[in-house]
Amino acid sequence: MRPVAIIGTGQTRHSKRRDDVSQPELVREAAAAALADADLRPAEVDAILISNMELFEGRAFPELWAGAGAWAIGKPCLKIATGGTSGTSACIAAFHQVAAGCFDTVLVVGFEKHSEGHTQAGMALTDPYWDRSVAAGALGNFALSVCQYVQERGVSERQAAMVAVKARRNAAANPHAHLQLPDLTIEEVLASPVIAAPLRRLDMCPQSDGAAALVVAGEASARRRCRRPAWVKAAVTRHDKPYLGDLDRRLATMRTLRQAAAVAYRQAGIDDPVRDLDVAEIYEPVTYAELAWYEALGFCPDGEAGRLIEDGVTAMDGALPVNPSGGVLSTNPVGASGVIRVAEAALQLHGKGGARQVEGARRALATGYGVYAWSDVIVLESAA
Amino acid sequence: MIRRLPIRMPFHYAAGASASRFFEVLRDQGRILGRRCTGCRRVLCPATAFCALCGEPTDEWVEVGPGGELLSWTEVPGRGAYALVRLDGGDTAMLHRLLAADAAPRIGDRVRARLADTRAGGILDLEGFELVGEEEVT
Amino acid sequence: MSQPISVSHEMDLAWRYASGEAMERFCAGLTDGRIEALRCAACGLRYLPPRPFCGDCRARLTEWVAVGDEGKLEAWTEVQVPMLDAGTGRPRATPFAIGLVRLEGADTTLNHFLAETGAGRLRVGARVRARWRSERAGTMADIECFEVIG
Amino acid sequence: MNARHRRRPGVWLAGAGQTGPAAADSRSIPEMVLAAVEAALEDAALTFDDIDAVVTASVDLYDGLTASNLAVTEVVGAVMKPETRIAADGLCAALHGACQILAGAYETVLVVAHGKASMASFPELTTWAMDPVYLQPLGVDFETCAGLQAQALAAFDERAERRWAELAAERRRQAAGHGVAPPRTAEEVLASPIVASPVRREMVAPRADGACAMLLRQTPGGRGSPGGGQTGNRTRITGFGWDLAAHAPGDRDLEQWAGVGRACARAYQASGVVEPADSLHLLEPSCHYAHEEELFVRASGAGSGPCVSPTGGLFAGAIPVAAGLSRLIAADRWLRQRDEAGCALVHGSWGPIGQGQAVVILEAAA
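Which chain is which? The protein sequence lines are A, B, C and D, in order.
Numbering (my numbering) for the first sequence: 91 to 474.
Numbering (my numbering) for the second sequence: 7 to 144.
Numbering (my numbering) for the third sequence: 14 to 163.
Numbering (my numbering) for the fourth sequence: 386 to 751.
Calculated from the structure, these hints are not laboratory results.
C-beta: ideal position from N, C-alpha, C; glycine also.
Among the hints, a few may not be true.
[Claimed, not checked] If the Cβ cut is set under 7 angstroms, some of the chain A residues that face chain B in the computed set are:
(1) S112
(2) A158
(3) W161
(4) G207
(5) P218
(6) L280
(7) S282
(8) P283
Chain A extracted, bound-state conformation:
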């Protein structure tokens, strides 16, 4: 694939309710921030990709209304949606459109306004003949998966709580993050109410209103416009079977993430991810998932994820800081969450992380997770 790079990123303020702005206005905030960061005028954008889970807001073709916010009128604009991977899918689609030579610059904007609809109910709109009357949204799905994972791997509540604390403390250094709990302790996590055993309130991601955007550019433009472009070294997608019960012990096995990571690492020349990567922004909708993803992404052997968090390997001052942004556990506008992962990974390579900057970050990982088991794995690198 021809070289493409991310040259600018931007986000809105994320919060439980952004009723001060309409959907197009929310999109505009993120798009404007990304264009400003890339020092690009709206007229210089060739095409736009929008990422959003339409039924969460009860919409069909949400870009028809919201697209104007991304300066998409009179331009090529498409909407991508693949559940939780929507944002990463849209980024990968932009990589392909630029690498194809179709466009020089593509603006990707992901957004969600959970406050306008009913996400858990929307998530439960599954196969009406099979499990629609039983489906219990993301919370129920994760609780079942985590139940099995805990049984199999022996991960403790305390280790999961450490993930919760790491995420929220990291978020405190990210002005965009939704949840701001800088002083959160393990004890407070363990004291938060169980909402779906074994998950406690502070194990779960929030539902956020927010948008995120980034600019993808071809090689010449990227070099001209950006001091430290975040080059795309790998972008791998794997989808899996559709039903909750289809995959055996899904968190422990997670074959889509394992295979996508293996392929991406090969393409990007990564042998040992903890050594070769400088920072990772992974899509962890629940604390236990982050532990499972450590194993699937090869950060540690199976069964050692608990030790990895205890040893601080993935902390800000560890060998591989995971989610300096605070992750999905701190901010989760679903259609934007994947874009945020990629944008935060790119921002680290741009050296624009501010208080959440990982010093000297040169190689970054971003992942997306969707609909029970779908995975996107993206490796970015700043020039050697």
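Put chains B, C and D on the given structure of chain A with help from the hints.
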């Protein structure tokens, strides 16, 4: 085998900064405002935070209407008629209900916005547009 | 700055969902208190819900196998937070317990309600059995829930 | 192939398959899609193993299902493969698949779109695509918008309604036998009930159920290989473009389809078409209403030369979401049956008054 199943859910959409102000003035003062685009200088009505066409933000409130020109209309059986109207002083057109008219409407006809008797803050605070005779136009 | 105004719309739409051939047979079986899965001739995986195609082998599924109404609880949880039921527009009563059940004779698991809540008898590996309704309509709701046995 | 017709290597269309259009297909969505995919694979003489990636097109609200590509992941062979879902007209899935191949990301991409108009009231569903602040409270749907556009076109054109009726009658006649709509005379069209004045029921392309699948390849291999049994010209996509217009009808020039013009300009540039009237032999527009065809032809700059919708276009049955892809399949069939080189402009649209527009240029060498 076919089964018919419903989806029932309420949704609540933020009107946003510009539309909220537009609705507030419509509700409380019975006036219709447009927003002027900083780029193309068109007055957009109904009001939006930025211009769909040139992409620039809007920055100035301009009162428009209540009279205007009918740009198009359509009648949907069982649902009534709709009018696309460029209100006086505005550059874009507003789509709303076309209220019962004696004569068949013609494009270019003069119309006037009619306020709803009770107003709650929303586009239905306008009842719609009614055709006005030439003599009524001032 | 004006007070933010929001606009409400009530979705009340209906769709005519086609079951597909496999699911139609499965639903007919439920009426008689019978559960059947489709088995992949290539990999041997016995699929619930039955469907036209094995995604692993990329082959059509045609071989029906009988599945018991007893099985093993692979995972369970008790949901405490109220959530809207999109079919009725009303919140679902809480708490309720759901589980992943691997029925005897199936290789995928079935997610369904559990009869009891609380970590007393609910544990991974517990034996469970379908509690059938006396009046059945050929839907998954013909199984009211699964109850722990033994 | 003349000199002004050379640019990119293009993306080969290796095979296509389709179910429907049917008035009401009793099969489930995955069953319909599987039939289309198997037909495409057979046409291409390829197997599921040959597919590197899949691009699907579907709309959750239309299917009454969250993450609607879940329903088809298995039957499109996307388990443990890359899948991308575009929520727009299916033609966009084809042009994105072409992007993936031109990017060098994949060699063979399966493109799939499906729709079941029989599942729900489409006019009602489309109110949920309209601005919820200014338009949805009024009950505005896509048909209302079409009425506004047709009225603006007919206002100073006395013959317009008659012309549209004749066009609808002609397309219905051409579609007879392979579509869902019974033939109607122009008089019958003009006597049919109003949907949104001046649009009458028989001027609207009948909505239908169906699925379309297509295999795109980097190299011409596939179709015509031993066992495929295919004959005729090989076709390839040499250009494409798409565009989003303003949402509000009051922000649009109702008398033209400017978005088609912009999308075509991008496609012509990519495939090296300088004079569309000279280069194009076939137009396969997605016209959901009779009046849209005139708008399309004008905006495309194709003049009166090319053959337009010889099999009745969407009047054979407009499958929601899959409509544009069904036109690409029709164009492919037409070009393959000719024994000379040819060039087709294929079109898909979505949203009110064709807010979203996409075009693909499909070429066949003799």
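Hint check results:
1. S112: At about 3 angstroms, which falls below the 7 angstroms cut-off, the nearest Cβ of chain B leaves the hint on S112 of chain A intact, so it holds.
2. A158: Check passed: Cβ of A158 of chain A comes within 4 angstroms of chain B, closer than 7 angstroms.
3. W161: holds, 4 angstroms
4. G207: G207 of chain A check passes; min Cβ-Cβ to chain B is 5 angstroms, inside 7 angstroms.
5. P218: holds, 5 angstroms
6. L280: violated, 35 angstroms
7. S282: Violated, about 28 angstroms.
8. P283: It is violated, given that the least Cβ distance between P283 of chain A and chain B is near 26 angstroms, above 7 angstroms.
Violation of the numbered hints given earlier is confined to hints 6, 7, 8; the remaining hints are satisfied by the structure.
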